[in-house]
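The opening position of the sequence shown corresponds to residue 1290 in the working numbering, with each subsequent residue numbered one higher.
Hints listed in this document are in silico derivations from the structure and should not be mistaken for laboratory results.
We put the CB at the ideal spot given by N, CA and C, even for glycine.
Heads up, a few of these hints could be off.
Here are the in silico distance ranges between beta carbons for each label pair [what the hints assert, rightly or not]:
#1 K1291 to A1316: 30 to 40 angstroms
#2 D1327 to V1297: 33 to 43 angstroms
#3 G1328 to G1358: 20 to 30 angstroms
#4 G1322 to A1294: 39 to 49 angstroms
#5 K1291 to D1325: 39 to 49 angstroms
#6 D1325 to R1353: 35 to 45 angstroms
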Amino acid sequence: MKEQATAVALVALWVLGWGVGGSLIDAGLIGAGVYDLDGGQTGTLLTFLLWSLLWGGFGLKLWRRRVAGGSDAGREDNGSSGT
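Please model the entire structure based on the sequences and the hints provided.
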């Protein structure tokens, strides 16, 4: 049960980071005058797509590391048998 709660928390934090990060990047680009919302939302779409690919790749990498190391966590560091 604890492992399932940890997985849910990881996904929730990832989604929160994706949303907040994308919004901050978008707001920064709009504030810097790179693009504006009056001329359409092509800039926002491009920011969304690029950030989603970047953040998604990061999340996938973290998830794979968690899954691969989940059963062996702590065994290499202190030599415990896990029992």
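Hint by hint, here is what the structure shows:
no., hint, in the structure
1, K1291 to A1316: 30 to 40 angstroms, "holds (37 angstroms)"
2, D1327 to V1297: 33 to 43 angstroms, "holds (40 angstroms)"
3, G1328 to G1358: 20 to 30 angstroms, "violated (47 angstroms)"
4, G1322 to A1294: 39 to 49 angstroms, "holds (44 angstroms)"
5, K1291 to D1325: 39 to 49 angstroms, "holds (48 angstroms)"
6, D1325 to R1353: 35 to 45 angstroms, "holds (39 angstroms)"
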